[in-house]
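Novice: Residue numbers (the numbering used here): -15 to 316.
Because the hints were derived from the structure by calculation, they are not lab data.
There may be inaccurate statements among the hints.
[To be verified] Calculated cross-link-like contacts (lysine-lysine; reagent style DSBU-like; alpha-carbon spacing at most 35 Å):
1. Lys146 / Lys315
2. Lys40 / Lys249
3. Lys166 / Lys249
4. Lys120 / Lys130
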Amino acid sequence: MAMNFCLHGSARTVQEAVERARRAEQLGFEAIFFADSHMNNADPYQVMAMCAVHTKKIRFGTAVTNMVYRDPTITANSFATLNEISEGRAIIGLGTGDGPIYSLGRTATRLADFEKGLRIIRDLLQDRGIDVPQSKERAGGNVKLKVGKRPVPIYISAEGPKALRVAGRTCDGVILGTGFDKQVTDWARQRLAEGAGEESRRMEEIDIVPAGMIVVDDNGDLARKRVRSRMANRAHHNFRFTMETVPEGEAAGVKRFMDSFDISKPIEERVNPDLVTDYLLERFTIAGTPEECIAKVKRLEADNIKRILLTPPNAIYDQVMNAWGSRVIAKY
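Kindly generate the complete structure, drawing on both the sequences and the hints.
Specialist: Structure representation (structure tokens):
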């Protein structure tokens, strides 16, 4: 079994995104996922369409889009269209909403409504259609999507137990922001299995994609130093959903980390790096020498993980992407 390496990142300009996608394809990355943060980044749908035109193999997705700003029927249409443009290379990445929602004073989608929206997207993209009630303004009945290339795989970002059960019931895959720790992945598998069982689904139908930060350098200590402050935001995001996955011996350190986190500061200044414990670093990153990074990826592969989603720090994004491709993927 080979590991599939996927990139996650943002794009300030279309040109930057296209150049990055073309380079990622050359380096052997399977896919690139773009953030849907409309006040900070270029629109991911237009970006992905342009990237698709200028590449041949690499796949494209959102990590993640939401249902607060985008109606589920619009999302279904957008991805069916992108899937046509890219000749079947589109992947839907969805979440309930985070930074792009809260920063403008909006509220994330309730999980029950999120699941309803997921089912709408899934049914439209699988040509089952959706049932619309009759009224004075409309005939009602079953309405189908008539455009684009279908189906399109649906992945959701899930970290807490309830969201993982939703993923088990509805999705082709789950993006695990819980990191790369085997015990945590096993915990997530149990919740996914509970949801899958409610719909008589098999766990083999659900692709589990651990996600986290990366830095690779011949100096392993320097790599870990570079990723330490940036991964703090990822860890904080996860523990807002659940502390259930934290070992008893690490709980006090994680609590100090969470209590000191300042969301109002720039992303790499939100916590004192000294409060980012070795446990957090090991759990939420793959950072070190090429040999150390390859060894960690092989441990994930041994745990039946087929795909990982990797985020280089913004300040050194292209440097890390290139190093990972030439020093890890090329030698894996």
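Novice: Hint by hint, note whether the structure agrees.
Specialist: So, going through the hints one by one against the coordinates:
1. Between the alpha carbons of lysine 146 and lysine 315 the distance comes to roughly 38 Å, so the proposed pair goes past 35 Å and is violated.
2. Note on lysine 40 and lysine 249: the hinted pairing is violated, with a Cα-Cα distance of about 40 Å set against a maximum of 35 Å.
3. For the proposed pair lysine 166 and lysine 249, the alpha carbon gap of about 32 Å is at most 35 Å, so the pair holds.
4. In summary, the hint linking lysine 120 to lysine 130 is supported, as the alpha carbons are separated by about 24 Å, within the 35 Å threshold.
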